[in-house]
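> The lines below spell out each chain.
There are 2 protein chains.
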Amino acid sequence: MIQENFSEWYHQILEDAEILDSRYKIKGMPIYRGWGLFIIKTMQRELERMLEEDGHEDVLFPVLIPADVLGKETEHIAGFESQVFWVTHAGSNELERKLALRPTSETPIYDMFSLWIRSHTDLPLKVHQSCSVYRYETKHTRPLIRGREFLWNEGHSAHESLDDAEKNIDAIKKIYSILIQEFLCIPFITDRRPDWDKFPGAHYSLAFDTLMPNGKTLQIATVHNLGQNFSKVFDITFETEKGTHEHVYQTSYGPSFGRLLAALISIHSDKKGLILPPQVAPIQVILIPILFKESEKKRILEYTSKIKSRLEKLGVRVKIDDGEGRPGAKFYYWEMKGVPLRLEVGPRDLKGKKITIVRRDTAKKSEIDFDGIEDVSNILTDIKNNMREKAEKKFRDSFYEVKTTEEIKEYLDKGIVTAGWCGNKECAEEIEGYGNILCVTDDSGICAVCGKGGNEIRVGKSY
Amino acid sequence: MIQENFSEWYHQILEDAEILDSRYKIKGMPIYRGWGLFIIKTMQRELERMLEEDGHEDVLFPVLIPADVLGKETEHIAGFESQVFWVTHAGSNELERKLALRPTSETPIYDMFSLWIRSHTDLPLKVHQSCSVYRYETKHTRPLIRGREFLWNEGHSAHESLDDAEKNIDAIKKIYSILIQEFLCIPFITDRRPDWDKFPGAHYSLAFDTLMPNGKTLQIATVHNLGQNFSKVFDITFETEKGTHEHVYQTSYGPSFGRLLAALISIHSDKKGLILPPQVAPIQVILIPILFKESEKKRILEYTSKIKSRLEKLGVRVKIDDGEGRPGAKFYYWEMKGVPLRLEVGPRDLKGKKITIVRRDTAKKSEIDFDGIEDVSNILTDIKNNMREKAEKKFRDSFYEVKTTEEIKEYLDKGIVTAGWCGNKECAEEIEGYGNILCVTDDSGICAVCGKGGNEIRVGKSY
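Protein sequence lines, in the order shown, are assigned to chains A and B. The letter at position 177 of the first sequence is residue 177 when you use my numbering, and the numbering goes up by one with no holes. The letter at position 270 of the second sequence is residue 270 when you use my numbering, and the numbering goes up by one with no holes.
So here's chain A without its partners, still in its complex pose (with noise of 0.2 Å):
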């Protein structure tokens, strides 16, 4: 079990499997190698994909951003800026203000939508941007899950009333479960956080946190209802039907890709290496010949480059290892690198036209024929459903509900914990001892510190 040592066996896969190199000389920022690059960009893409369906345009803004710009926002900059990055120099000239790199963008963006907003007609107004962000984290830096440059998708909006405002969250959540869930087959929960715990200027913050195989829960993807706080200091304004000026209401949104492949890998993946679900996995299935005798290899040879086209045909991602070393080797190998499917193509395939198919979620062994090749996309198809019911279901046992602190302690190692918190300020510091306040539901609940009636929590030890 990868639970035991996981932290361990965490940074062993990042290397092993060429998902990143933590040697680069600056701390919090690694290198990313091939074959993570290939699984952030492509959901990346696939989230690109839906928001610009949903209205959202693709902008791009610069990294660095003026100080004064930053600084507009009283409670906002209070909350970064002990992160930011500062450029002060350009080859040997002091600059006359000094330059941020962004650690989010929303001050930036929102001091162009006050020049792009004029009426109603223009609203509501959506964008989004893939970038890179930078915060300079005090704390423990770990690879893809706490760094000092990590990649996101973040977006933005404008709206003419709350409810629109509200609306457009609403629509951000089924993406964003679109995404997490459905194609990343990553199990999570959307949790309120508590007022202490919310985005620097926000009026709310929802959380999606997932649970990492130690226990610790994830924060994967955040989105904030800003009300008009931004709006009033950004001066973004837009006439009403009846000629009125009023402030737009704002949300920002961003998973972060980074954590998400970390989930992802932590997740889904064994003591054999990764499992990687086949929509994301840069190379789906994994063809190796099995060559015994010299006389077999040409045919061998040609009937795998055969599956390989027809493979190709479907869609498929498809790889021939014909590489030097043993067939074992080879298995070893590709299961570490978490290749959905493994096809071993040996003389007594290639007599019976049949095709050997190992898959990596369940080990199973199998055989088609060559002339239902068809069947490798269902196989593909099942072992992504797979992967995600197993993920859900151990998510859903990974909930604990109790009623006291001794219980929060002991059962914070496993899970998340339910339990109850009256809302006075004492009891929610106790229990934020043992672990983070992730929620604070609307169910009402007895509080685990002094017995008083309050409500239901969710409480998890959070990286």
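If you are wondering where the hints come from, they were derived from the structure by calculation, not from laboratory data. Treat the hints loosely; a few may be bogus.
Since the list gives no way to pick one copy over another, a pair counts as held whenever it fits inside one copy or between any two copies.
[Unchecked claim] Lysine-lysine pairs mimicking BS3-like chemistry, simulated, CA-CA at most 30 Å apart:
hint	residue 1	residue 2
1	Lys139	Lys98
2	Lys308	Lys167
3	Lys126	Lys27
4	Lys242	Lys126
5	Lys308	Lys354
6	Lys232	Lys27
7	Lys293	Lys354
8	Lys394	Lys364
9	Lys313	Lys174
10	Lys173	Lys126
11	Lys173	Lys319
12	Lys25	Lys232
13	Lys72	Lys98
14	Lys394	Lys198
15	Lys297	Lys313
16	Lys27	Lys98
17	Lys126	Lys319
18	Lys25	Lys198
19	Lys98	Lys25
20	Lys126	Lys394
21	Lys27	Lys216
22	Lys384	Lys313
23	Lys364	Lys393
24	Lys126	Lys330
25	Lys409	Lys271
26	Lys319	Lys174
27	Lys308	Lys126
28	Lys232	Lys98
29	Lys330	Lys242
30	Lys271	Lys394
Chain B: place on chain A using the hints.
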């Protein structure tokens, strides 16, 4: 003709067509908007696909480079140091060592190559990354052409021998040629830059130059043979088959997506606005229902929808403009945006099961049958070919063979001049008073300044 007031036309069309917004509060850092970003992402994917097919690994290095890594190769840093943005602070702390925003990535990538390469079996090593780079330009900035942040793809390779490095250069030239000439329909010439104009740290540099409507040449991509220069500084060695250790031979290369977009826009467009090659157009076919009577409206809109779904099945990017406004205004708008084909659907079309088609490149109007709608794909291919040929012809007609410096001066405003140069520094300086020596060819020529024998050169007014 857009030549006459090219600069004004260029700035206007970038804003009108929503390619970018130049009002961002940092000089030389515009905001990319959806219409332009689609074109950039499309060319990026096409290039990445070809590079990966050729064996390049997709990587992404951090944007920050430690000062000591960037400064390791003397010639290289001498060429870039006046242009580097420096991060010196994070939060309220001064960093122990300053960090550069990448102006190009030879140094950080080769620092890792020294870890990645051990043996001849690791070679060739070829990586590429699509990213933004940062240069503090002190010259006049121009959107997409000369900015302080620009989007590109950079490739880096390491080889066992100089011969292998040269072969890689040939392969890259071919890939870039397909991207630029075939895919983007942009004509170019490959120029080997004179020594004083090569990439800092390179053995020699090849540049892909195209010609803008105002007669100025624009460098859209470069390929550098780095020899063993960087590998000696970064100590990138490999064990040969014989067991000896040698330094690798390297090449690096990159096209600027911004400049390719600038060339695409400028070379193909006309006074009405953009003319986009179909393969990069965000919308390839705009469908405009022509509605006169209320009674026909429903049937015409149904017919339009039917046309849309037939085109979508053919893989065409299509949109219906059924918004308010008169057809004439819609024609005007989508012509400005450069959509390759306009399909008009009016009562007469509906009656005869016809569709009226207007090409953006030739303005020619014709009619097709609904049942022959597959023809749209052929027309789109024809548009692409026509655009490429037209641009090629114009380019070929813009070369002028001259003998004297007076003639160089005279023809430089029209295009690229071929003349002679003796190889003497003073004569080059006189010529470069009028324009830039783009290339010293292998052919012989008589020096335009002193009349002595030497080589043929190409001269242009460069951006």
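> What are the numbers of the hints the structure violates, in ascending order?
Hint 20 is the one this structure does not satisfy, whereas the remaining hints hold.
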